[in-house]
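Peer 1: These protein sequence lines map, in sequence, to chains E and D.
Mapped onto full-length UniProt numbering, the consecutive letters of the first sequence carry residue numbers 1 to 283.
Mapped onto full-length UniProt numbering, the consecutive letters of the second sequence carry residue numbers 1 to 308.
Treat the hints with care, as some may be off.
Now the stretches of chain D that chain E is said to cover, found in silico as 3 or more residues with beta-carbon under 8 Å [said to hold, decoys possible]:
(1) 131-145
(2) 191-204
Here are the simulated distance ranges between beta carbons [stated by the list, open to error]:
(3) D:ASP257 - E:VAL178: 55 to 65 Å
(4) D:LYS273 - E:GLY181: 46 to 56 Å
(5) E:GLU81 - D:GLY286: 21 to 31 Å
(6) D:PRO275 - E:GLY191: 54 to 64 Å
(7) E:GLY78 - D:GLU287: 53 to 63 Å
These aren't lab readings, by the way, just hints derived from the structure by calculation.
Don't be surprised by glycine CBs; every beta carbon is placed ideally from N, CA and C.
Now for the letters of each chain:
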Amino acid sequence: MSPSVDVTVGVLALQGAFNEHVQLLRQAAQILASRDNAVKRRWAFAEIRTAAELAACDALIIPGGESTTMSLVAERSGVLEPLRDFVKVLRKPTWGTCAGLILLAESANRTKNGGQELIGGLDVRVNRNHFGRQTESFQANLDLPFLRNPGGKGFDTKADPFRAIFIRAPIVEKVLPVVGGRQEREVVIDGTVVAPSKPVDTAVVKDFHLGDVEVMGVLHGRAAALDEAAKQRLDAEAEDIIAVRQANVFGTSFHPELTGDPRIHVWWLEQVIREVDQRRQAN
Amino acid sequence: MATELPSNGAATTNGNAESNYTVKTGLARMLKGGVIMDVVNAEQARIAEEAGACAVMALERVPADIRAQGGVARMSDPKMIKEIMATVTIPVMAKARIGHFVECQILQAIGVDYIDESEVLTPADHAHHVEKHDFTVPFVCGCRNLGEALRRISEGAAMIRTKGEAGTGDVIEAVRHMRTVNAEIAKASAMSDAELRIMAKEIGAPFELLKETAKLGRLPVVNFAAGGVATPADAALMMQLGCDGVFVGSGIFKSGDAAKRAKAIVQAVTHYKDPKVLAAISEDLGEAMVGLNVSMMDAKDKMQGRGW
Chain E
1 MSPSVDVTVG
11 VLALQGAFNE
21 HVQLLRQAAQ
31 ILASRDNAVK
41 RRWAFAEIRT
51 AAELAACDAL
61 IIPGGESTTM
71 SLVAERSGVL
81 EPLRDFVKVL
91 RKPTWGTCAG
101 LILLAESANR
111 TKNGGQELIG
121 GLDVRVNRNH
131 FGRQTESFQA
141 NLDLPFLRNP
151 GGKGFDTKAD
161 PFRAIFIRAP
171 IVEKVLPVVG
181 GRQEREVVID
191 GTVVAPSKPV
201 DTAVVKDFHL
211 GDVEVMGVLH
221 GRAAALDEAA
231 KQRLDAEAED
241 IIAVRQANVF
251 GTSFHPELTG
261 DPRIHVWWLE
271 QVIREVDQRR
281 QAN
Chain D
1 MATELPSNGA
11 ATTNGNAESN
21 YTVKTGLARM
31 LKGGVIMDVV
41 NAEQARIAEE
51 AGACAVMALE
61 RVPADIRAQG
71 GVARMSDPKM
81 IKEIMATVTI
91 PVMAKARIGH
101 FVECQILQAI
111 GVDYIDESEV
121 LTPADHAHHV
131 EKHDFTVPFV
141 CGCRNLGEAL
151 RRISEGAAMI
161 RTKGEAGTGD
171 VIEAVRHMRT
181 VNAEIAKASA
191 MSDAELRIMA
201 KEIGAPFELL
211 KETAKLGRLP
221 VVNFAAGGVA
231 TPADAALMMQ
241 LGCDGVFVGS
251 GIFKSGDAAK
261 RAKAIVQAVT
271 HYKDPKVLAA
281 ISEDLGEAMV
291 GLNVSMMDAK
301 DKMQGRGW
């Protein structure tokens, strides 16, 4: 059915741990290729610093790093609006880790004085540096049920947990109502910034349905280093949301790129393949 | 690419299998491709953050002033560091004197994100550096050559920088130190285990770390440039030589238009391979720091010789 196709996956390389993602994407592609039923794919994994480079991508990873730095450099390098188009207008598969999750949220708090630009795409509010400063950074074993389905052996994180690294990590503090535009109710909250609205291009993305935010992973029993006011804002939940997906956008608050464990990259590339094949058939 | 830092934690546990070393080196990886700027107060920290710095280094006097004013340079007032921490949301680093582990304990207690055990301050110990593995806060240390870098990593440093010659605005020493490290790694990469044992002895580095470095073809932790970077071109030069990011000390706030220069250096570190972008951002930056010519300096005036 599908002949050999070229798929270009970009990793935003404005700042941060972008090279680590490229390494894991290469590993993940090898694992996919080694499977018996594998359709031969020719992958290209590219570092993205300009709008022209972004335009060549079928999918994108926004890595860990400093989200304020990335948004400022993106703006000054003329890639901020192209990124918003990529995620929200063209609705191409995009995955953000840590700083990337912050940028892909429709709403974020505890940002720098004067706020910061967001790309948006996920109807969630993230809380930056949720656990505190670097001395509160940690590793934890995660069970990620979504890995169980496609991966075959070794992907059951109940038996073989995903060792996740959280570095000055954000969390999804609140799953917001799906509004398909700017989160107006978030604007009025003190200290919160929101992403601008960009309607999907239905000529390119046919039959698009935004859908709800799916919680893909939670972290249990970790005391957040929050002040009292912030604690009261939080929903009374004993667990922190650390992985979410909505339509084409996937976000994790931890760093799979620091583990040498390619399982999430394998799973995500499978989602990318599905999306790319669907689009090529539809057009 | 031979110079990739493997994402697999196994290569970089540095003898601390289930310690927090992965978490410590992890923050350094998040700083890659970024600029860390020296700031002396909250106002400068805000300028740095708005310019796109990925972290700031809080200190009382930038190296150029330490050099000019002389005297003993020590850890900064914790109050001033805490003000900066309260002002910006990016990571805040602070400097401790070489070997002064109590200054490090204090910096950890106030919650800084990284400690620079730095030759820019007056050393507190004639022979020892701080044992850094025991701290939960990660450390960055300077080096002039491979042996020095690996000794620091062996003590627990989770990030390395060139020493360069701080406070001069003259990039020649940072270049020298980066080229020296690169040349020594290239030499080590072609050696047998037996030869590496001799080299380890000669450069005063642990054999296992040297062997790992030789295999990787680069230092096993993130390595930034520091000491004399004053222009976007200097920053891009250090990136093209293989550095993972750049510290800028006196170069920004001792120049004519600090905010503009800071922004330009941030852009230069992202687009370091693109001379057209570098040309555009180098325009009309105003006065660079006046600087000191390192070749005219007395050996006793150089900071890079501090540390062992």
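Peer 1: Could you run down the list of hints and mark each one as holding or not?
Peer 2: Now for the hints, and whether the structure bears them out:
For a cut-off of 8 Å, the count of residues in the region 131-145 of chain D with a CB near a CB of chain E stands at 3, and the three-residue condition holds. Given a C-beta distance limit of less than 8 Å, the hint that chain E covers the region 191-204 of chain D is violated, as 0 residues qualify and 3 are needed. For the pair D:ASP257 and E:VAL178, the supplied restraint of 55 to 65 Å is violated, since their beta-carbon distance comes to about 45 Å. Checked against the hint of 46 to 56 Å, the C-beta distance between D:LYS273 and E:GLY181 comes to roughly 38 Å, which is inconsistent with it.
The given range of 21 to 31 Å is respected by E:GLU81 and D:GLY286, whose C-beta atoms sit roughly 29 Å from each other. Against the hinted window of 54 to 64 Å, the Cβ-Cβ separation of D:PRO275 and E:GLY191 comes to about 41 Å, which falls outside the hint. The supplied range of 53 to 63 Å is broken by E:GLY78 and D:GLU287, whose beta-carbon atoms lie about 28 Å from each other.
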